[in-house]
Amino acid sequence: MLTLATLLCLNLLAGCAFVRGNVGDELKNEDVATIKKGVTTRAEVAARLGAPDEIVQAAGREIFHYRRYDSKLGYLVFFSRLNIKSDNLYVLFDRDGVVDDIVFGKRTDQLKFQVWPFGD
Amino acid sequence: MTDHSSGWGTVTVTVGFLVIMLALSGCEFRRIAINDPIRTDDVAFIVPGHTTRSEVVAKLGAPDEVIGSEEQAVFRYRFRVAKIFRVDFSWILFIWSPVTPDLVLAHGDLGTDVLQVVFNSNWVVQEHAFANQSPAARFNPWPF
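Residue numbers (this note's numbering), protein chains in the order written: chain A, 130 to 249; chain B, 38 to 181.
Just so you know, not all the hints are guaranteed correct.
[To be verified] Think about it this way: if two alpha-carbon atoms lie no more than 27 Å apart in a straight line, the pair counts; the simulated DSSO-like pairs of lysine-lysine are: (1) Lys157(A) - Lys96(B); (2) Lys96(B) - Lys241(A); (3) Lys165(A) - Lys96(B).
[As the list claims (entries may be wrong)] Beta-carbon label-pair distances, calculated as ranges: (4) Val168(A) - Phe176(B): 49 to 57 Å; (5) Gly189(A) - His87(B): 18 to 26 Å; (6) Asp225(A) - Asn159(B): 17 to 25 Å; (7) Ser127(B) - Asn158(A): 49 to 57 Å; (8) Ala143(B) - Phe147(A): 19 to 27 Å; (9) Gly179(A) - Pro138(B): 49 to 57 Å; (10) Gly189(A) - Cys64(B): 52 to 60 Å; (11) Gly144(A) - Thr47(B): 22 to 30 Å; (12) Asn158(A) - Thr89(B): 17 to 25 Å; (13) Cys64(B) - Thr163(A): 50 to 58 Å; (14) Leu55(B) - Asn158(A): 48 to 56 Å; (15) Thr132(A) - Lys96(B): 53 to 61 Å.
[What the hints assert, rightly or not] Rough simulated footprint, nothing fancy, chain A against chain B, three-plus residues with beta-carbon under 8 Å: (16) 108-119; (17) 145-158.
Derived by calculation from the structure, the hints in this document are not laboratory data. Note that CB positions come from ideal geometry on N, CA and C, so glycine has one too.
Sequences and hints are given; from them, build the entire structure.
This is the structure we're talking about:
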């Protein structure tokens, strides 16, 4: 019986995997903090954060959109769960090309390795 | 006379256990979750004509996408859950057959939702709605 239990444990360990994947550079709080409303210009934002992933025009504003994806996969024999979350930074400019507002959401801080696929 | 009943009982339990484990080995429960779901209760605070962009961002975080025109902006929050259940019965054949052809039943269920919040040029909410609101994804092996 002990041998059977040992074999079962080894089998479970053999079918175990943890995988992580990222797309895009990390958006750091300290980098975002250097951008000041009413002061920082479009050129300065591009110099500090690099070129945006997307430039959007909405409600009379030009918006730089920076994004990053992070994923964590937990796999244990019969069960697996892949969690994916994104960080999004929007820098809104006024008509003079000066920062009007910043919208920054960091979801990847709460990203977890999980195996159990049931429930929430 | 030797009592073989307890010996046969152990063999039966062991074989039964192995068959169950082999059958389970053919099962796969997979889940893929992209962002946390946003529910109707989560957007109850939004009052068209009053709620501002800052209030929306404070409660829901940054959107996944912003689209718009000269007069409007639309915040789009995307969230998805996919559940995949797969059973491969060829594991059972492995007991007595060196050849194990695939005997697979599998089904994937993807629930996709988008919350759209529309702002006017003063960044006050005009309207909001869930697009493609779908029933929660389920584990279901039957593909037919």
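Hint-by-hint comparison with the structure:
With a CA separation close to 21 Å, the supplied pair Lys157(A) and Lys96(B) stays within the 27 Å bound. Distance restraint check for Lys96(B) and Lys241(A): the Cα-Cα separation of roughly 21 Å lies within the 27 Å cut-off, and the hinted pair is therefore satisfied. About 23 Å separates the Cα atoms of Lys165(A) and Lys96(B), which keeps this hinted pair within 27 Å; it holds. Distance hint check for Val168(A) and Phe176(B): the Cβ-Cβ separation is about 53 Å, which falls inside the suggested range of 49 to 57 Å.
At roughly 21 Å, the beta carbons of Gly189(A) and His87(B) sit within the given window of 18 to 26 Å. Between Asp225(A) and Asn159(B) the CB atoms are about 18 Å apart, so this pair conforms to the stated range of 17 to 25 Å. For the pair Ser127(B) and Asn158(A), the supplied restraint of 49 to 57 Å holds, since their beta-carbon distance comes to about 51 Å. Taking the beta carbon of each, Ala143(B) and Phe147(A) are about 24 Å apart, inside 19 to 27 Å as hinted.
One distance hint, 49 to 57 Å for the beta-carbon pair Gly179(A) and Pro138(B), holds here, with the actual separation near 52 Å. The hinted range of 52 to 60 Å is satisfied by Gly189(A) and Cys64(B), whose Cβ atoms lie roughly 55 Å apart. Distance hint check: the CB atoms of Gly144(A) and Thr47(B) are about 27 Å apart, consistent with the given range 22 to 30 Å. As the Cβ distance of Asn158(A) to Thr89(B) is approximately 23 Å, the hint placing it in 17 to 25 Å holds.
Between Cys64(B) and Thr163(A) the beta carbon distance is about 51 Å. The supplied range of 50 to 58 Å therefore holds. A beta carbon spacing of about 53 Å between Leu55(B) and Asn158(A) agrees with the range 48 to 56 Å that was offered as a hint. Separated by about 56 Å at the C-beta atoms, Thr132(A) and Lys96(B) satisfy the suggested range of 53 to 61 Å. Counting residues of the stretch 108-119 of chain B whose C-beta sits closer than 8 Å to any C-beta of chain A gives 4, which meets the bar of three, so the coverage hint holds.
Only residues whose beta carbon comes within less than 8 Å of a beta carbon in chain A count, and the stretch 145-158 of chain B has 3; three or more means the coverage holds.
In summary, the structure agrees with every hint in the numbered list given earlier.
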